[in-house]
Structures are given as structure tokens and as C-alpha cells.
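*Asks:* Listed below are the residues making up each chain.
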Amino acid sequence: MPELYLRLLARILGPFLIALTLFLLLRGHNLPGGGFIAGLLAAATLELQILSTGDQNVRQRIGRFLQPGIGVGLLIAMFAALIGGVAGQGIFQGIWWKIPIGPLVIDLGTPVIFDIGVFITVVGVTTSYLLGLSQAAERR
Amino acid sequence: MLLAFLLLLFFSGLILWLLRPHNKTFVGWLSVLPPGLVAVWLLGQVGSLTEETIYTERHLWAPSLNLEITFRLDGLALVFGLIITLIGAGIALYTHYYLKNDPEQGRLYAFLFAFMASMLGLVWTDNLLMLFVFWEGTSITSYLLIGFKHKSAESRRGANTAFIVTGFGGIFMLAGSVLLAQEAGSYTISEVLKTPGLMDSPIFPAALGLLMLGAFTKSAQFPFHFWLPGAMAAPTPVSAYLHSATMVKAGVYLLARLHPAFAESPIWFWSLLIVGGITMLIGAIFALGKSDLKALLAYATISQLGILVMLLAFDSEIAAIAVVIGTIAHSLYKGPLFMIAGIIDHATHTRNIHRLANLAREMPMVSAVAIVAALSMAGLPPFFGFLAKETLLEALFYAVTPELGILPWILIGIAALSGAFFVAYSLTFIWEPFLRRTSPEAQAHVAHPPSVPLVLPALLLVIISVIFPFVLTYPAPLLFDPASSAIAGAVVETHLTLWHGFTPYLITSLIAIGGGILLFAARQPLRRVLSQDRMDGAMIFQGVIDRLYATARWTTHSIQDRSLATHIAVVLMTAVAALLYAGTHMEFGIDLQLGALPITLSEVLLIIVSMIAAGITVRTQSRLNAIISLGVVGIIVTLIFVFFGAPDLAITQLLFEVLTIVLLVLVFYRIPLQLEYTPLPSLIVARNLLVAIAVGIFGFVAVLINARPPYFPDISDYFMRESVPGGHGGNVVNVILVDFRAFDTMGEITVLAIAAVGGYALLRAHQLHNRPNQTEADGDGSPAQSSELHAPAPVQEVNPHA
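Protein chains in written order, with numbering that gives the first Met the number 0: chain W, 0 to 139; chain E, 0 to 801.
Note that these hints are calculated values from the structure, not bench results.
Where is the CB? At the ideal position from N, CA and C, for every residue including glycine.
It is possible that some hints are incorrect.
Each pair of labels, with its calculated beta carbon distance range [what the hints assert, rightly or not]:
id: 1; chain 1: W; residue 1: 30; chain 2: E; residue 2: 54; range: 44 to 54 Å
id: 2; chain 1: W; residue 1: 71; chain 2: E; residue 2: 40; range: 28 to 38 Å
id: 3; chain 1: W; residue 1: 30; chain 2: E; residue 2: 574; range: 43 to 53 Å
id: 4; chain 1: E; residue 1: 717; chain 2: W; residue 2: 102; range: 33 to 43 Å
Here are a few chain E residues that sit away from chain W, every Cβ distance over 10 Å (derived from the structure) [claimed, not checked]:
id: 5; residue: 192
id: 6; residue: 268
id: 7; residue: 516
id: 8; residue: 643
id: 9; residue: 696
Model the full assembly from the supplied sequences, consistent with the hints where possible.
*Replies:* Shown next as C-alpha cells:
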């Protein structure tokens with residue numbers, strides 16, 4: 000049931016919300032945010048798309064990534080946890096690297112990778128619920 | 000190095016999957032490389048084992064919990080490792096050609112290589128807990144492999160049975176391991192086995208019994224043997240690899256590993272002797288009654304596993320040697336035989352022995368390999384199987400001592416009888432499909448002859464098993480001696496020769512062969528008797544499982560009936576009851592500390608608004624209003640988090656609130672927005688009211704208790720202090736989530752993923768249920784059917800008043 004105003008709103012808000020999602024994800028380690036919150040926000044962004052353009056449309060575009068995404072997210076998180084083990088410090092031990100990009104020095108560590116895994120899992124789980132329920136609602 | 004090998008195998012399976020291997024010829028050969036590489040490395044280690052320099056390896060796992068990954072490559076681990084990798088390499092090649100052009104081939108590779116990694120880990124590890132992890136790894140991959148053709152009910156049933164039996168065994172084994180490790184004070188296997196006085200401790204019988212249960216279920220010993228024939232629903236490469244050469248030997252491996260420490264225990268002796276002896280005999284007898292080639296081989300495998308277990312009962316050098324020789328010989332002939340059964344199935348589309356004949360002329364090369372392997376299975380000279388049988392009998396004759404009395408003679412008799420059946424079904428395997436001219440039932444012909452790479456692995460394994468007996472002086476000190484020493488717990492030197500002269504074992508062997516030929520001649524009437532349906536383990540097992548499901552269904556229906564209100568009442572009252580119980584068992588005081596935090600006007604206003612909103616939610620006539628006012632409650636909770644300086648919580652709560660409302664709207668979209676107001680029975684209203692009040696009171700009390708000064712020194716100081724230096728992050732909530740408590744988060748997202756699978760299944764079941772109604776009403780949507788599908792509750796039962 001695509002709605003004109005909702006579509007307009009979604010078109011305008013969509014890119015902004017996606018940027019906000021990534022912002023929240025990456026700043027999460029130092030300021031409010033993080034994988035869980037960013038994942039929920041991404042799901043909400045997608046829900047706006049579902050409501051405005053219909054679940055079929057969204058399913059066609061991202062449907063096939065969702066369930067693999069859950070697994071991929073888990074694997075990334077697990078991988079991040081194992082790095083500490085391989086580095087000889089025990090699993091789940093955070094390992095940090097300083098990565099200079101031009102004048103900036105980015106503090107990148109396995110917890111950040113772990114958070115990205117959490118993010119992908121949360122997006123996958125929540126969005127597949129939303130899509131499933133939307134489908135059930137639309138085809139009554 | 001060993002850990003790297005396990006990871007290599009695991010990941011190469013995934014890579015093979017991603018390569019979509021079914022229509023790429025090079026993949027068959029590529030897949031040989033990873034196990035081949037490991038095998039070559041293991042062969043390089045062979046010489047070094049004779050000295051005291053056993054290769055060991057340690058990795059930290061979770062040092063704070065004393066968990067570590069340790070590997071120890073002694074003779075036994077090396078022999079098993081070689082069997083796993085060499086046959087694995089052959090199976091990898093065979094799989095590609097067996098499942099040629101099957102788009103699911105990649106998945107089989109992924110599971111197969113994951114299994115290979117688990118199985119190697121199982122035989123290499125030196126830690127009881129890691130042993131359990133790898134043990135379950137083989138159970139899970141075996142489950143996935145048996146259920147590979149998951150659209151067939153037979154496959155699913157076989158997979159379930161195998162997994163439940165071996166999984167239960169695994170749990171028992173874990174319990175036994177923990178008991179043993181507690182007593183010995185170490186989880187390192189090599190240390191546990193050296194601990195003196197273990198057998199005198201009061202928990203020893205329990206620990207040993209549990210460990211033996213694990214081994215017996217895994218190695219398909221009577222009375223748990225029934226899962227193995229069911230596992231034959233797996234694709235043939237899987238049967239050849241897991242269910243004859245490797246996985247089923249895990250139980251034998253465990254017993255062999257424990258042998259040096261426990262072999263003197265009478266419990267050990269009698270359990271292994273009786274269980275192994277019965278398994279050996281019934282496996283051999285029932286194998287003759289089977290007309291499916293794979294079923295015949297499955298029962299033959301059960302019998303061979305029984306022999307190995309029985310041999311482990313004895314505490315003698317020759318018994319240890321017999322176990323090693325028996326394990327190697329069995330893998331070398333049974334693997335090829337299974338592969339042959341698969342080739343026959345592939346070429347003629349049947350494995351029914353009554354429909355096969357004359358294959359020696361239609362597939363000469365396959366038949367030559369099959370006949371040699373089957374002669375080895377029969378234990379005829381000069382093949383490797385003969386050597387295995389000779390050592391078995393030698394071990395039994397060695398046990399003839401005054402204190403055991405007549406027992407060894409009974410065992411020799413049973414072994415000879417089993418040997419006769421071995422000969423009989425081996426000859427049947429050779430004669431009926433390959434040599435005879437016509438079959439009794441509609442004869443199947445070779446539709447497409449097998450390609451060379453499909454036969455090659457079987458051929459190579461058979462060649463090895465033919466050469467072995469003639470070059471015994473070379474492998475004996477390098478392979479057999481270290482492995483036998485590991486089982487015996489003392490240095491063992493083997494003196495194997497093909498020809499001993501006229502020893503008592505040779506005479507027994509000859510009697511068995513003669514008996515086998517007689518049985519072969521009388522096979523038709525024997526088969527008729529043996530193939531009758533009767534009560535067997537699988538049926539009893541199915542009965543138990545059915546009862547379990549019936550009980551589960553009954554509890555579900557009686558506790559969680561179809562009203563949402565009842566569901567919630569049951570859940571909430573359970574929580575209240577748990578809290579009440581806890582409350583009566585601990586001391587707590589309520590310290591309100593009024594004045595510590597001044598109450599502001601805005602907070603009071605928020606609380607009042609939220610109470611009003613909650614009231615509206617309950618009393619409103621419109622579902623939409625109910626959803627909106629519920630949203631108001633949630634937003635106010637968010638605001639309270641903001642006021643109390645918890646921005647992360649506030650953001651999460653807000654997003655959850657938004658998504659919950661959208662979900663509720665989507666769900667309620669299916670239901671009329673206006674309630675058709677039917678007053679609830681007053682009894683139900685009273686119940687709902689009581690539940691609500693109870694939960695309210697207990698929630699209130701719980702908060703008050705939590706507000707008092709903590710029982711334990713506060714950990715939050717530590718988190719605040721360590722967040723930036725230790726966690727590299729200023730946001731302590733996030734640092735806790737992804738670093739300090741990352742293990743918890745891992746668990747949480749795993750639960751989330753499992754919930755997603757469950758939710759998906761529920762939504763799918765719902766769609767499947769609706770389909771017949773939408774297309775045509777041809778009786779598929781009858782009430783009897785729908786109640787089985789657990790249909791979603793009809794509209795009027797979802798009641799917001801509840």
C-alpha cells in the first residue's frame with residue numbers, strides 16, 4: 000500500500016538515516032551508539048521503506064541478504080573474538096591497532112569489528128521479522 | 000601446526016562450497032589437496048614417534064578459566080590421523096564424481112571437511128573438554144551429513160536417531176570426563192591417565208560407566224547399534240567415510256585412549272567383553288540377512304566395532320596390537336566396499352542384491368577391486384583382513400589362563416562363529432552382484448559405467464591393503480608399535496608375520512572359513528529367517544521418542560492453551576513464584592535512601608502521564624488507541640532514562656518502542672480495529688486482575704531491593720576506571736558490551752539469531768497453513784490438519800483486555 004507522502008518522506012529521510020546509522024555504529028565506542036543501537040536504527044530505516052514502498056519492493060532488493068546476514072554477522076563477531084586467541088592473549092581479548100590515514104590516526108580494535116558483527120546480526124534479525132510480518136499483514 | 004591444519008580443513012570446506020563445485024572438474028582434484036597435505040605432514044612425523052619426543056602443541060583459549068587447546072600426537076593419534084586424512088583425501092575425490100552435476104555438492108563438501116576437522120581434533124587433542132567439543136562436532140556434522148537429502152523423510156529420521164543417540168552419549172561422556180577430571184585434578188588426558196589411585200576413588204565406577212556409555216553410543220555397540228543402519232540414508236561417500244572408517248571408531252578411540260589407565264578394572268573388563276562380544280555376534284549374523292548392499296556393510300561394520308571393543312577388554316600386548324591392526328584393516332577394506340556399493344548404486348540405480356548380477360562382466364575393474372576388498376573382509380589369506388583375524392584369535396588364545404577358566408574358550412567359539420558369518424556374507428557380496436549370471440528379481444543393468452576417478456580411491460586403498468601384509472617389517476616398528484604402546488601403556492614390539500605355521504589360531508580360522516562356506520551355501524533359508532521384521536532397537540527408540548513428543552504436546556496444550564492471556568499469566572506467575580522462593584531464602588533489607596536523589600516536578604508529571612496512558616491502554620475500545628497509549632508509556636520510560644543520564648539505554652528504548660509499535664500495527668492490521676466488545680467472564684477478569692496486581696507488587700518490591708546498597712563490592716568502578724585505558728573507548732556502556740562482557744553479547748546475538756530462525760519458521764508455518772485455503776478447499780485445510788500445524792490463534796482470542 001504505497002503512500003505518496005510517506006514515499007516522499009522516505010526518499011528524503013532514507014539517506015540521512017543511513018548516514019546516521021553508520022555514524023552511530025562507528026562512534027559507539029566513545030559516545031552513545033554502538034552496534035545494537037545502529038542495528039535497530041537501520042531496521043527502522045528499512046521499515047520506513049517497507050511502509051512507503053511496500054514489502055515486495057524491499058524484499059526484492061535486500062531480502063536475500065537478510066538471513067545470510069544473520070550468519071555473517073555472527074561469524075564476524077566470532078572471528079573478532081578469535082583474533083585475541085590467535086594473537087596468544089586468549090579469546091575475546093581486545094587487540095588494538097593504530098592505523099594512520101593521512102593526518103588522522105584511527106584507533107581500530109577487535110571490539111570494533113565485534114560491534115560491526117553485532118550490527119549486521121541485529122539488522123538481519125529485526126528486518127526479517129519486519130518483512131515477514133508486513134507480508135503477513137499485506138496478504139490477508 | 001595441528002590447530003592450523005584443523006582451521007585449514009574447516010575453511011577449505013567453506014571455500015569448496017563457495018566455488019560451486021558441481022560442474023567444475025578441477026574441484027575434485029583440488030579437494031584432495033588439504034587432507035593430502037595433512038597426511039603428508041603426518042607421514043613425515045612417523046619416524047619421530049619411536050623416540051620419547053612426542054609432538055605436543057598448546058594454545059591459550061580462555062586462560063582465566065584454565066581452558067587451553069592442547070594437542071598430543073602419539074602413536075595412536077598418528078594412526079587415526081593417517082586413516083582420517085588418507086581415506087578423507089580419497090573420499091574428497093570420490094564425492095565430486097559421485098555427486099557429479101548435483102548443485103548441492105558444495106554443501107556436502109563443507110560438512111565433510113568440517114567433520115574431518117572435528118574428527119582430527121578429537122584424536123589429536125589432549126584435553127578432556129576439547130575432546131568433548133570435537134566429539135560433539137563429529138555428532139553435529141554427522142547429523143547434517145546423514146540428513147543431507149533433507150527432503151526425504153527417511154534421511155531426516157536417520158539423522159535424528161543418530162544425533163539423539165550419539166548426542167546423549169556425548170553428554171554422558173562429558174559428565175564422566177568432569178567426574179574423572181575433578182578426581183584427578185586435571186583436564187589434560189595424558190596427566191589424568193597417569194594419576195595414581197584413580198580406580199580406588201568412590202566415584203570411579205560412575206565416571207567410567209558414563210565414559211563407556213559415550214563410547215558405546217558413538218561406536219554403535221549393542222544395544223545402541225540401531226542408529227548405524229538408519230544412518231545409511233546418507234549419501235554413500237558419507238557412509239564410507241563417517242560410518243565405517245572414522246566417526247564410528249571415535250568410541251573405540253576413546254576406549255583405547257583410556258585403556259592404559261583402566262584396563263585392570265573388573266568393570267572395564269566385563270562391560271567391554273559382554274557388550275563387544277554381543278555386538279560382534281549379532282552384527283555378523285544380521286549382516287547376512289540384509290539384501291541392501293549398504294545395510295549389509297553397516298551390520299558388518301557394527302560387528303567389526305564389536306570386535307575392537309571386545310579386544311580392548313583385555314590387558315595384553317597382543318590385544319593392543321590386534322586393535323591397531325583391526326582398525327587399520329577395517330578402514331582399508333570397508334571404505335572401498337562402501338565406495339563400491341555407491342558405484343553400483345550410481346551405475347545401476349539399485350543396491351538391492353536380488354536385482355544385481357553379472358557385474359563382473361559389465362564393470363570388470365570395479366569388480367576386481369570389490370572382490371579383493373571383500374576377500375579381505377572375509378579374512379582370507381593373504382589379505383590384510385586375514386592378518387587382523389589372526390591377531391584377534393591370538394589375543395583370545397593368549398587370554399586362556401587358569402583364572403579365567405572356560406571364558407576364553409567361549410569367546411573363541413563366538414569369534415569363530417562370527418568369523419564364519421563374515422565369510423558367508425563376504426562370499427554373498429562377491430557371488431551375487433558380481434559373479435552369478437542372472438538375478439532372481441528384475442535384473443538391473445549398468446546404465447552409465449563409472450568414470451576412472453570414481454573408482455580410483457577404492458582401488459588405491461585396496462592396493463595398500465594388499466601390499467601391507469607382505470611388507471610388515473617396515474610399518475610395524477614405525478606405525479603399529481607406537482600405536483599399540485599407546486593403548487597398552489607400555490612399550491610394545493610387534494612380531495607380525497603372515498605365516499605362523501599351524502598354530503591353534505590358524506586352525507580356528509580354517510574352521511571358521513569352512514563354516515562360512517557352509518553358511519554361504521545355506522544363505523537362502525537363513526536370509527528368510529533373518530530378514531523378518533521383528534522388534535528391534537530402532538522401533539523401541541521410535542516408540543520412546545513418540546511418547547516424548549506426546550508428553551510435550553500434552554504439557555503444551557494443558558499449560559499453554561490458546562489464549563494469549565493465559566500464556567502471559569503462566570509466564571509472569573512463574574517469575575513471581577521464583578522471586579517469592581528467592582525472597583524466602585535470602586536476607587534483604589529495604590533502604591529507600593530518601594533524600595539522596597531529590598524528586599523533581601517533571602519526574603512526578605511523567606509518572607502521572609504514564610499511569611494515565613497505561614489506564615487508557617487497558618480501558619480503550621479501539622485497538623489503535625491502545626497501541627498509541629502503550630507507545631506513550633514507552634516514550635516516558637525513554638525520557639526517564641534521559642533524565643537519569645543513560646543515553647545509550649534511552650536510544651535503545653526509543654528505537655525499540657518505535658519498532659514495537661510498528662510491529663503491533665502490522666499484527667493488529669489483521670484484526671478489526673474496533674473491538675467487538677464481548678464482556679469477559681468475571682472469573683477471567685478476576686484472574687487477570689490478580690495476576691496484574693501480583694506482578695505489579697513484585698516488580699515494585701524487586702526495584703526497592705535492588706536500590707539498597709549492593710551485596711558485593713561494586714564492579715562499575717572498575718569498568719569506569721578501565722574503560723579508556725583497557726577498552727580504548729570513552730563510552731563505558733559500549734565497552735562493556737563489546738569488550739568486558741563481549742562473551743555475553745556473543746551469547747545474546749546468538750540467541751537473537753536462533754529466535755529469528757524460530758520466528759521465520761512460525762511465519763512460514765502460517766503461510767503453509769493458509770495456502771490450501773487460498774487456492775482450493777480440497778480437504779487439506781480440514782480442522783484435524785490445522786490443529787497439527789499449530790495454527791495461529793483465531794482473531795477473537797487475542798484480547799487486549801487480558
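*Asks:* Against each hint, give a clear statement of whether it holds in the structure.
*Replies:* Against the structure, the hints come out as follows:
1. 30/W to 54/E: 44 to 54 Å: With Cβ atoms ~50 Å apart, the hint holds.
2. 71/W to 40/E: 28 to 38 Å: Because 32 Å falls inside the window, the suggested range holds.
3. 30/W to 574/E: 43 to 53 Å: Violated, since residue 30/W and residue 574/E (Cβ atoms, about 35 Å apart) do not stay within the stated range.
4. 717/E to 102/W: 33 to 43 Å: holds, 35 Å
5. 192: Label holds. Min Cβ-Cβ 27 Å, cutoff 10 Å.
6. 268: It holds; residue 268/E is separated from chain W by about 42 Å at its closest Cβ, greater than 10 Å.
7. 516: holds, 57 Å
8. 643: Per Cβ check, residue 643/E is outside 10 Å of chain W; nearest 14 Å; holds.
9. 696: holds, 32 Å
Violated hint: 3 only; the structure is consistent with all others.
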